[in-house]
Each structure stands twice: as C-alpha cells, then as structure tokens.
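We have chain A; now place chain B onto it with these hints.
In order, the protein sequences belong to chains A and B.
Okay, so the first sequence: first residue is 0 according to numbering that gives the first Met the number 0, each after it adds one.
Okay, so the second sequence: first residue is 0 according to numbering that gives the first Met the number 0, each after it adds one.
Just so you know, the hints here were simulated from the structure itself, not pulled from any lab data.
Where a beta carbon is used, it is the ideal one built from N, C-alpha and C, also for glycine.
Warning: the hint list may mix true and false statements.
What the hints assert, rightly or not - Calculated Cβ distances over 10 Å to all of chain A for the following chain B residues:
1) Pro-11
2) Leu-135
3) Phe-166
Stated by the list, open to error - Taking lysine to any residue and the SDA-like style, the derived pairs with C-alpha atoms no more than 20 Å apart in a straight line are:
4) B:Lys-303 <-> A:Arg-32
5) A:Lys-255 <-> A:Glu-232
6) A:Lys-545 <-> B:Lys-303
Stated by the list, open to error - Below, a sample of chain B positions facing chain A; criterion: calculated Cβ distance under 8 Å:
7) Gln-12
8) Leu-90
9) Tyr-113
10) Met-126
11) Gly-138
12) Glu-148
13) Ile-149
14) Arg-269
15) Pro-314
16) Tyr-317
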Amino acid sequence: MWQAMVSYLADWQVFVQAIVVFCVPYVIAFTFRWIRSAGERETTNIKAVDHEDQQEIKPSEVSADHFSGDFTVDMQLVRNEIGHNSDVRFREFYIGGTDIRAAIIFVDGLSDKDLIDKHIMKSLMADFSPKYGRGQLEVKPAIPNEFLKNHVLPISGIKEACDLKDLVPQVLRGSTALLIDGSSEVLILSTTKAKTRNVDEPTSEALVRGPRIGFTEALSDNTALLRRHGENEDLTFIKFQVGKRAKKELVIAYIKEIANPELVEEVKNRIKKIDMDDVPESGYVEQLIEDNYLSPFPQVQSTERSDRVMSALMEGRVAILLDGTPFALIVPVTFSMLMQSPEDYYERWIPGTLVRLLRFFTALISLFVPALYISFISFHPGLIPTKLAISVAGTREGVPFPALIEALIMEVAIEILREAGLRLPKPIGPAMGIVGGLIIGEAAVQAGIVSPIMVIVVAITAISSFTIPSYNLGIPLRILRFASMFCAAVFGLYGVILFFLLLGSHLVKMKSFGVPYASPAVPYRLSDWKDFLVRMPLLMMKRRPKMMHTKDSIRKG
Amino acid sequence: MIARPEERITTPQAAVIVINYILGVTFLTLPRVTVEAVKTPDVWITVILGGLITMIAGVIMVKLSQRYPEKTFYQYSQEIAGKWVGGLLSLFTIIYFFSSSAYDARMLVEVTSYFLLEGTPSWALLMPFMWVGLYLIMGGINPIARLYEIIFPITLVIFTLVFFISFQIFEVDNLRPVLGLGVAPVLQGTKSTVLAYTGVEIMLIILAFMKQPNKAVQAVLIGTAVPMLFYVMTVVIVIGALSIDGVITRTWPTIDLIRSLEITGLLFERFESFFLVIWIMQIFSTFTITYYAAALGLAQLFQKDIHRCMFYLLPVIYIIAMTPKNINDLFTFADLVGDTALYLFGLLPLILLIVSRLKEGKHEAKL
Chain A
0 MWQAMVSYLA DWQVFVQAIV VFCVPYVIAF TFRWIRSAGE RETTNIKAVD
50 HEDQQEIKPS EVSADHFSGD FTVDMQLVRN EIGHNSDVRF REFYIGGTDI
100 RAAIIFVDGL SDKDLIDKHI MKSLMADFSP KYGRGQLEVK PAIPNEFLKN
150 HVLPISGIKE ACDLKDLVPQ VLRGSTALLI DGSSEVLILS TTKAKTRNVD
200 EPTSEALVRG PRIGFTEALS DNTALLRRHG ENEDLTFIKF QVGKRAKKEL
250 VIAYIKEIAN PELVEEVKNR IKKIDMDDVP ESGYVEQLIE DNYLSPFPQV
300 QSTERSDRVM SALMEGRVAI LLDGTPFALI VPVTFSMLMQ SPEDYYERWI
350 PGTLVRLLRF FTALISLFVP ALYISFISFH PGLIPTKLAI SVAGTREGVP
400 FPALIEALIM EVAIEILREA GLRLPKPIGP AMGIVGGLII GEAAVQAGIV
450 SPIMVIVVAI TAISSFTIPS YNLGIPLRIL RFASMFCAAV FGLYGVILFF
500 LLLGSHLVKM KSFGVPYASP AVPYRLSDWK DFLVRMPLLM MKRRPKMMHT
550 KDSIRKG
Chain B
0 MIARPEERIT TPQAAVIVIN YILGVTFLTL PRVTVEAVKT PDVWITVILG
50 GLITMIAGVI MVKLSQRYPE KTFYQYSQEI AGKWVGGLLS LFTIIYFFSS
100 SAYDARMLVE VTSYFLLEGT PSWALLMPFM WVGLYLIMGG INPIARLYEI
150 IFPITLVIFT LVFFISFQIF EVDNLRPVLG LGVAPVLQGT KSTVLAYTGV
200 EIMLIILAFM KQPNKAVQAV LIGTAVPMLF YVMTVVIVIG ALSIDGVITR
250 TWPTIDLIRS LEITGLLFER FESFFLVIWI MQIFSTFTIT YYAAALGLAQ
300 LFQKDIHRCM FYLLPVIYII AMTPKNINDL FTFADLVGDT ALYLFGLLPL
350 ILLIVSRLKE GKHEAKL
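Just chain A, with the same shape it has in the complex (with noise of 0.2 Å):
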C-alpha cells in the first residue's frame, strides 16, 4: 500500500516543472502591471512638478496688463509682447477725418489681408465720417466702441479686448488687433483666412459608390461637413482645448436624442486629462484615450470619410475632431465595425451581405493561412489528402530550409514591398511593387529557396489582407500572422489552436469605453446580428445597435 502510494509521488522534475509554471506567468503579470503602473506613476510626477510651477508664478502674475487706453503705452506693451516677430505686422494710422491714432495689429500670413485693407482700412480712413456729431469730438476725442461695431466696421466677428493676455492669442491666431487712442478696450477683428485644401475625395478609405467628399485638415471646414449631412438640430458640437504649449481646437460631435449620455460623459472626462504640451494629429488622442494600450487592436476607429462618421453618430456613437488632420476618430468601435466599409449599405444587400461575408473569411485566411501552412507540412502531412501531400513535397524537395524559415523569407520579403511601396514617390510605388513581387518571387523559386507553394501561400495572404476595410486594423493582423507562424511552428495544429484561444481571449476581454470589443458576435444579441456578418435589408433592420445603449432605439417605423 505504502509502496503503491510513494511510486504515485511526482518526480522532482515535475516538481521543478510546476515551480516554472507558477513562475512564468507571474513574472510576465508582474511585468505588465509595472508597465501600466510606470505610465500612472509618470503622469502623476509631472502633475506635481506642474503644481509647484504655478506656485512660484503667481505672486510675479500680478503685474498690470491691462490696457489704460493711452495710445503710446498701450502699444508699447503689445511691441514688447509681441513685436518681436518677424511676422507681425503694425500698422499705424489717423481715423479718418480725425485726429485720433490708432493702429491695427495683425498676422502676415494668417489674416485675409485683402479684408483688412478693402474693409477695415478704407472704412476708417476714407469712409469714416463721425456722425454722431461733433461737438462731442471736441470736448471727448475718443470714439466710443459701440459706435465703430453698429457704424463704421462691416466685420461679423467684434469681440473686446481688455488686457494683453486676451489680445495676443487670439492676434496669433489669425485676428486682427484695432487700437484706438483713448479707448482702454481694444477691438478684435476676426480675419482669420486659414490655408485649406479643398476638399478631396479621402485617399486611404476608396469607394466604388458614396460620397465624394472627405475631411480636410481645417476643423470649421469638417464640423460644416457634417452639419450638412442633414438638418438636424440634435448634432451636438462641443468645443476642447487640448496641448498645453500649442492650444489645439477639439470637437467633440455627438447627437444629443440618441447618444448615451453616461458615454458622452466618459468621453469628456478622457479628453479633459489629455496632458500633453502638443497634439499634433488624431492618432496622440486616440492613444491617449483608449482603454488598453497593451493591446495589439486598435480601439478607436478614424477615418476620413464624412459619412462614416455620420452613420456612426445616428448609432449613438461619438466623435472626436482635431484641428489639423483630416481623420476623425469614433469611439466606441466594435471588432465588426472595423470589418464594414460604408459602401455595404450603399449596395443592395444581397452584395453587401456576400461582400462582408468575404471579408471576414480573408481576414481568416491573413491570420492562419501561413500558420496552417507550417503545421501542416512540417507536423501533420497526413491531414491533407494524399497527392496534394505529394505534390508539396515534390515541389519542396530541393528547398534547404524548414517550413517556418521558408515561409519567414517571404513573409518578410512582402512586408519590406508593402513598406517600400507606401514610402516610395506615388509613380514609382505600383511599378515597384510589381517588379519587386514578381521578380523576387519568380527568383526565389528558381532558385530554390521557397517552394512554389510557398509563393502562393504568401501571395493569398498578402492581398487578403489588404480587403480588411480599416488600415489600423489591418496592421495587427499582420503582425498577429507573425505570431501564429511561430506557434505552428513550435506546436503544429495543437499551437495554432492554442493561439486562436488566446486571441479569443483577448478579443473577449477587451472593451472600448464600456462596450466588449467582440460584440455583437458575443454577447448573443441576435437583434444585432442583422448587421454582423450579413447585412439585412434596411427595411428589417429598424433598430440601432442595442451594445450602445441608445437614448432612443428606434431607427424607423
């Protein structure tokens, strides 16, 4: 007895065994929660140094800024703010008729010049005649504002300036400054002419059938885009500052009778502690606002396409627009969205739903093809059928190398001509890239580093990926592929399941603000899975997504 139970003790291997098992996900867990913690930490150090910082400056901040309203001073304190600059212009005048200085302030560049000189100019100087009589001019030489906004200036945009730190953001930004001597409050034109592009068919999100039309890099321009979709007096724009060095305009789009409201809230709160001197394109905020930054999926969508965003905002989704990039992010986003190209509900949907359909097969195919590839040729010949065993092994038999280097060689070999293609000058991009394909894979044949097989494998996998509709997307299937190569490589089929089961895993216990990633696929909603992987008529699908939670649910009827 005692002897049967002592042969059933373990071995000291299996022992030593189960101290790595403990060990390698505890150190790998350990490992990430530093990491997220190291970003608090960091965020947290800054903020208190910050805190510091205010401190000391707010005894010196007392200094008067103010404007008196004596001429000569109060444009000696614009000079030594601003006069430094090349490109700021003074220009100093009499108004006409009249005795009185005054001088405008301006941008080159940034202000409508031909504004200025043909309306502000000429209305001061030529046609200024002071009609509120002048016996008041004698006793009071000074013109009251009220007067300039109601009479003389044919501008839309007035507002007043009092003190220095008013005026000179907004002069910077394209404002003209209007000083009068005697009047302590200085006028703000609004002249700004910002430099657009017209507006362009968006170049990384083609279609065959929809709008035309793109987001530009101006943020009015974008926010009328949308407003011109269709009137509706519930598409809700609320205005951000972010970049604490270089102040960015942010807008946050949302339409107020459909969106979550807990969402629109959640969004705010994560744009309001974007802490950062300088957000130069959407792709900062996006990183900055998204749930998980360990994860290899993107969890924000951007896209350049007007009509996207729109039908995303009629699903209660929000929208988040930076000045000075034409891609507008959505959030929440859902693995499926990123799957749907705007043109599946363009098309009837028998297409569509086929389209979609195929979609997400090549998505399969550029995840695992390359995967089951390697396990199947170098683990398990006897799962496929016989002569096509025979066939790949006759094709292989003069390559040197194992099944995982093979298909390594060529997957990198693509990767490098996708790369060089999207750098390269647009005339020279296509012809490289059909040169480099065809060349190095015919060689690479010939020569008998890779099968033919191989080539074929790769070039499948290759253009699979490039149906998957969003581009962000397409990059962490890419390198995901990678990853599977290597656990066929290590484990055959056995590995590839096991890596299907982790990105499951993955996939399932992600979030984007508060909806599962994986949704609609899971949690069964069956109501949502009329626009999953098929695409129902639109006179069936009456309902918006149920994952968002929507104010008002129902679409039509």
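Relative to chain A, chain B alone:
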C-alpha cells in the same frame, strides 16, 4: 470605466457555459464506456436516461441556489450547514473542481500527444495550455462566457459536418435489436452515462452571476439538452458504424471512426484534424471553468484575492495532472473524480435544499 449591467451574464451565456462544461473529455470515450457497462446496442436509451436524470439534479441545484440570490455555493453552504460543515463541503467542492480541471488537462496531453504531436514532452504541451487558460480566467466570468459563446458555434458546425459525413459508413443493423435483452442492461449503464454529464454543478456557482436568476431552470435544461443531443448522435453513429464489438476494443472510438472516413475530391480528405480542433477547444472550456470555479471557491472561502488564488492553483493542478503514470491510471482517476461528483452534486444539493427549507420553516414558526 463605465459599469454596465453586462458585468452579469445573460441566460444564453449561462446555458452555453453549461454546454461547454459538459461537452469535454467524454466526447471521445463515451461510446466505449457506455457499451462496456450496457453491453447491448441500446446505449442511446441509456444516454437519454442519463441526460434526464442530470436535468433533475440540475433543477434541484438551481432551486437550491435560487434561495440565496447573488450568493455562490461557497457562501451559502456555510449559512445552511454551519461554518465548519459548510466550509468543509466547500473545500470538497474546490478539491473536486481543481482535480477535474487537472484531469482535463492531462487528458488533453494524452490525446494530443497520441494523435497530433507524437514525441513532444507532456510538460511542453501542458504549460502553454494552462497559461492561456489562466489569461482567460483572469478576466472574470464575463470573458469566460463570451469566449464560450465563440467556441460553441464552431463546435456545432464542425460536429454536424463531421457526423453528416460519417453517415456513409453507418449501418442500422448494428443498432438492432432494440431492447433485445430487456430493460435491465439499459438501467445498469445509467451511472456511467450520468457521469458523462458532469458539468451542471457549475450552476451552483454561476447562478450568482446571472442577470435573470429566475430563468436559470431554462438555462440548465437547455444546457443539458444540447449535450444530450450531441451524445446521442455520437453514440448512435459510432455504434452504427463500428458495431458494439468494434467500439469496446478501441480506446478512442469516436476518433477512430472519424479517422476511418475518407472523402476524395474535397479540400480535406480526412476530418480528424477538424474534430480534434473542436475537441481541444471544448477541453479548454472545461478546463477553464473548473479552474475558475476552484479559484473562486478559494477566494471566497478564505477571503483572498482571486487572482492570487489562480496563481497558487497553477502548480497544484500541474502536479495533479502529472501524477497518473499512464492512461489507465488516468481513467481510474477519472472514475474517482466522477464518483465524488455523484455524491457531491447528486445527493448533497437535495439534502441542503431540504435542510434549508426546514430551517426556514423553523424560522417562520418562531416568528
């Protein structure tokens, strides 16, 4: 982070958890095990009978859990049976759960190294599997339920496909005569088929997480009915194709059947790879849910952090999984775990239900 009611699981999710838990190892051995016990081709009747008994047991467990809303078995067993007895019962349940997850893990190693990866050392197969499982369960019950919802349709599709193909070597004569030796052998095999359905006991724990606990009976009925359908189909087709004599001599009759299939002209001539794919996924789900249940039990019993319990369980499960020396040891171990399950989840919930009713009655009488 926005907290939503989704943190609880829906009724279909509960049903899918039960289905995925039940479908597991037994898939491959069920025809042999039951034929060994019944010795007539009437096994399918036994399988249905076992399913019905399990449903009754499941409903009892649900009724018991429903009396203690938002509490798991580990929490309310102490309320019913007192601190010590209840704690002991919980401890037994925890041991049962991690032993059965260790059994699943070892079974996976056996089958994988036999059919897919000959010569790969067991530890290499087992470790990554356990780590992936750990990664999943660290997310809590919701990701578990969602992943099972992904696995389940894949299982359904491939299973149906494979079994339609197997119809080509199916012979009805192998299933005749029906009840040729009377009802007695059918009843004799019931115990072994009931064991194939171990998995409904998860209702004792997940009911606490359900969004609509009043629908738990539905979940448990559907959760048992679907595996019953799978099992009946498996048994009927395997016995129909291989005959009972053929089944009894094979360790893995189901895989042997699928290996013997060959269809030329399709992309794949053989389908065991498909079948092993879904089988590994099913084992993964059985492994993870039992692992999670054990970790949750430890966390609730000793008031510890659940992530820590998960990490501590890893080496324990590993050592238990590596202890059986060969496949026969493993089957003995399986019988042991199965017997425990019978007493722990067949009788105990009924007793606890009665005790808790009585207690309540007393309580009311006092008032």
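To see whether the hints hold, each was checked on the structure:
no.: 1; hint: Pro-11; verdict: 5 Å, violated
no.: 2; hint: Leu-135; verdict: 4 Å, violated
no.: 3; hint: Phe-166; verdict: 21 Å, holds
no.: 4; hint: B:Lys-303 <-> A:Arg-32; verdict: 19 Å, holds
no.: 5; hint: A:Lys-255 <-> A:Glu-232; verdict: 9 Å, holds
no.: 6; hint: A:Lys-545 <-> B:Lys-303; verdict: 36 Å, violated
no.: 7; hint: Gln-12; verdict: 6 Å, holds
no.: 8; hint: Leu-90; verdict: 21 Å, violated
no.: 9; hint: Tyr-113; verdict: 12 Å, violated
no.: 10; hint: Met-126; verdict: 6 Å, holds
no.: 11; hint: Gly-138; verdict: 4 Å, holds
no.: 12; hint: Glu-148; verdict: 4 Å, holds
no.: 13; hint: Ile-149; verdict: 5 Å, holds
no.: 14; hint: Arg-269; verdict: 6 Å, holds
no.: 15; hint: Pro-314; verdict: 4 Å, holds
no.: 16; hint: Tyr-317; verdict: 5 Å, holds
Comparing the model with each numbered hint stated earlier shows that hints 1, 2, 6, 8, 9 do not hold.
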